[in-house]
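Peer 1: What the sequence shown shows, in full-length UniProt numbering, is residues 1 to 325, in sequence order.
Hint data in this document are derived by calculation from the structure and do not stem from the laboratory.
Fair warning: there could be bad hints in the mix.
DSS-like mimics (lysine-lysine), calculated; alpha carbons at most 27 Å apart, straight line [to be verified]:
{"id": "1", "residue 1": "K136", "residue 2": "K174"}
{"id": "2", "residue 1": "K41", "residue 2": "K78"}
{"id": "3", "residue 1": "K281", "residue 2": "K199"}
{"id": "4", "residue 1": "K322", "residue 2": "K136"}
{"id": "5", "residue 1": "K174", "residue 2": "K199"}
{"id": "6", "residue 1": "K285", "residue 2": "K304"}
{"id": "7", "residue 1": "K41", "residue 2": "K136"}
{"id": "8", "residue 1": "K112", "residue 2": "K304"}
{"id": "9", "residue 1": "K304", "residue 2": "K199"}
{"id": "10", "residue 1": "K174", "residue 2": "K41"}
{"id": "11", "residue 1": "K128", "residue 2": "K112"}
{"id": "12", "residue 1": "K281", "residue 2": "K304"}
{"id": "13", "residue 1": "K116", "residue 2": "K136"}
{"id": "14", "residue 1": "K112", "residue 2": "K303"}
{"id": "15", "residue 1": "K136", "residue 2": "K199"}
{"id": "16", "residue 1": "K281", "residue 2": "K78"}
{"id": "17", "residue 1": "K285", "residue 2": "K303"}
{"id": "18", "residue 1": "K281", "residue 2": "K174"}
{"id": "19", "residue 1": "K285", "residue 2": "K199"}
{"id": "20", "residue 1": "K199", "residue 2": "K322"}
{"id": "21", "residue 1": "K322", "residue 2": "K116"}
{"id": "22", "residue 1": "K322", "residue 2": "K281"}
{"id": "23", "residue 1": "K303", "residue 2": "K41"}
{"id": "24", "residue 1": "K78", "residue 2": "K199"}
{"id": "25", "residue 1": "K174", "residue 2": "K285"}
{"id": "26", "residue 1": "K116", "residue 2": "K281"}
{"id": "27", "residue 1": "K41", "residue 2": "K199"}
{"id": "28", "residue 1": "K322", "residue 2": "K112"}
{"id": "29", "residue 1": "K303", "residue 2": "K322"}
{"id": "30", "residue 1": "K304", "residue 2": "K128"}
{"id": "31", "residue 1": "K41", "residue 2": "K116"}
{"id": "32", "residue 1": "K322", "residue 2": "K78"}
{"id": "33", "residue 1": "K303", "residue 2": "K281"}
{"id": "34", "residue 1": "K322", "residue 2": "K304"}
{"id": "35", "residue 1": "K304", "residue 2": "K41"}
{"id": "36", "residue 1": "K128", "residue 2": "K116"}
{"id": "37", "residue 1": "K112", "residue 2": "K136"}
{"id": "38", "residue 1": "K128", "residue 2": "K322"}
Note that this is a predicted model, so its numbers are computed, not measured.
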Amino acid sequence: MKIGRYAGVLLMLLAACTKKDDSAAGPDEINRLSYIIDDNKFNFSFFNTALGRTGYRNTLAGPGPYTVMIPDNNAFIKAGYANEQAVLTESGNVLNSLLSYHIVNGTWELNKLPFKFNQELTSVSGAKMYVTRWVKGTDTLLTINGTPLLAYNLPASNGVIQVLDNVLQPLTHKTLSAAISADTTLNFLNVALQQAGLKELLSGEDAYTVFAPSNQAFRQAGFLSIDSINATSPAVLREMLAYQLFSGRKFVYDYILTTGPSGQSDQAMSNGNNTTIQLLKSGVKYTGISITGPGNSTPAQVKKANVMAGNGVLHIIDQVLKENQ
């Protein structure tokens with residue numbers, strides 16, 4: 001893990017900051033989050049560039065306290081920002097939304113939270129994020145929205161920094177129903193939910209996880225058009241869709257944390273029957289999951305994971321999960 005490297009860098013930066021001869025600011029002010037982020041260019045320059053485009057640099061220079069969830073530079077690159085210039089030219093609205101979701105009021109030492117999955121924190125934007133603290137083998141791991149922390153509780157005089165392996169996607173939809181409606185790759189699923197009378201289920205306060213088959217997945221399952229879904233009995237669609245979702249919020253990394261040495265586990269779906277979850281590896285590192293029903297000849301692959309909504313999470317998959325051949 002990178003925790004030691006990040007902690008060492010931050011300690012050196014703190015020492016350097018306190019040695020500055022700055023008659024206009026005391027040690028407390030020059031050790032604030034905005035200064036530390038600006039100084040740590042090797043790891044945080046993309047995030048710092050985003051701060052410069054918004055009012056949040058001034059926020060993090062204030063008394064706070066704040067907890068800042070900082071995706072490191074590699075995380076920004078994985079999110080599609082090739083360099084700092086790409087961040088600099090990003091829409092201001094996008095950056096404001098992104099940064100407001102990565103800042104929490106107060107000092108939150110995440111390694112002191114209970115051993116529990118998906119504990120709620122509220123960002124300064126008012127949107128929820130979900131923190132898991134769990135033990136895997138000999139390691140105690142922390143995740144936010146299923147994203148592993150690379151380092152935690154890096155100190156500043158007005159708060160702490162948590163370093164993330166991915167950029168958190170701001171919460172844009174209050175409900176899973178709205179998230180599905182807004183995604184054109186899920187048009188077939190949206191119509192199937194309407195026809196089955198299940199839109200209301202995914203519009204309520206109760207949280208669900210949906211393995212959401214893409215339009216192409218529906219076509220491969222024999223639904224060649226929207227009309228073919230509309231022509232299908234609502235009862236048949238309800239039975240099929242009950243095998244694509246289950247109650248509760250579960251991120252992909254949650255399976256990595258809970259699955260044993262075999263790399264395989266069962267997931268009970270809404271109708272009470274199980275799918276099989278298989279962990280995927282690259283070298284010695286777990287990178288994701290596949291999902292299989294008894295009627296699937298090959299495992300379904302996750303094409304887009306951890307799509308957040310206010311009442312749950314979507315994982316877009318490339319097959320309709322089947323109980324029978």
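Peer 1: With reference to the structure, classify each hint as holding or not holding.
Peer 2: Here's how the hints hold up against the structure:
1. K136 - K174: 32 Å, violated
2. K41 - K78: Distance ~18 Å between K41 and K78 Cα, so the pair holds.
3. K281 - K199: Measuring from Cα to Cα gives roughly 35 Å; hence the hint is violated.
4. K322 - K136: Outside the cut-off at roughly 31 Å; violated.
5. K174 - K199: Given that 27 Å is the threshold and the Cα spacing comes to 13 Å, the pair holds.
6. K285 - K304: 19 Å, holds
7. K41 - K136: With Cα atoms ~32 Å apart, K41 and K136 exceed 27 Å; violated.
8. K112 - K304: Roughly 31 Å between the alpha carbons, so the hint for K112 and K304 is violated.
9. K304 - K199: OK: K304 and K199 at ~21 Å, within 27 Å.
10. K174 - K41: Answer violated: K174 to K41 is near 35 Å, above 27 Å.
11. K128 - K112: Judged against 27 Å, a Cα distance of about 19 Å means the pair holds.
12. K281 - K304: Between K281 and K304 the Cα gap is close to 17 Å, so the pair holds against 27 Å.
13. K116 - K136: 13 Å, holds
14. K112 - K303: Not OK: K112 and K303 at ~34 Å, beyond 27 Å, violated.
15. K136 - K199: 36 Å, violated
16. K281 - K78: 18 Å, holds
17. K285 - K303: 19 Å, holds
18. K281 - K174: Violated, at about 33 Å.
19. K285 - K199: 37 Å, violated
20. K199 - K322: 21 Å, holds
21. K322 - K116: 31 Å, violated
22. K322 - K281: The given pair, whose Cα atoms are some 24 Å apart, holds under the 27 Å limit.
23. K303 - K41: 33 Å, violated
24. K78 - K199: With a Cα-Cα distance of about 33 Å, the restraint between K78 and K199 is violated, given a limit of 27 Å.
25. K174 - K285: 33 Å, violated
26. K116 - K281: Status holds; Cα separation ~25 Å.
27. K41 - K199: Given that 27 Å is the threshold and the Cα spacing comes to 46 Å, the pair is violated.
28. K322 - K112: 41 Å, violated
29. K303 - K322: 18 Å, holds
30. K304 - K128: 20 Å, holds
31. K41 - K116: 34 Å, violated
32. K322 - K78: 33 Å, violated
33. K303 - K281: 16 Å, holds
34. K322 - K304: 20 Å, holds
35. K304 - K41: 30 Å, violated
36. K128 - K116: It holds: about 16 Å lies between the C-alpha atoms, which stays within 27 Å.
37. K112 - K136: 17 Å, holds
38. K128 - K322: With Cα atoms ~33 Å apart, K128 and K322 exceed 27 Å; violated.
Figure legend: structure checked against the earlier numbered hints; hints not met, in rising order: 1, 3, 4, 7, 8, 10, 14, 15, 18, 19, 21, 23, 24, 25, 27, 28, 31, 32, 35 and 38.
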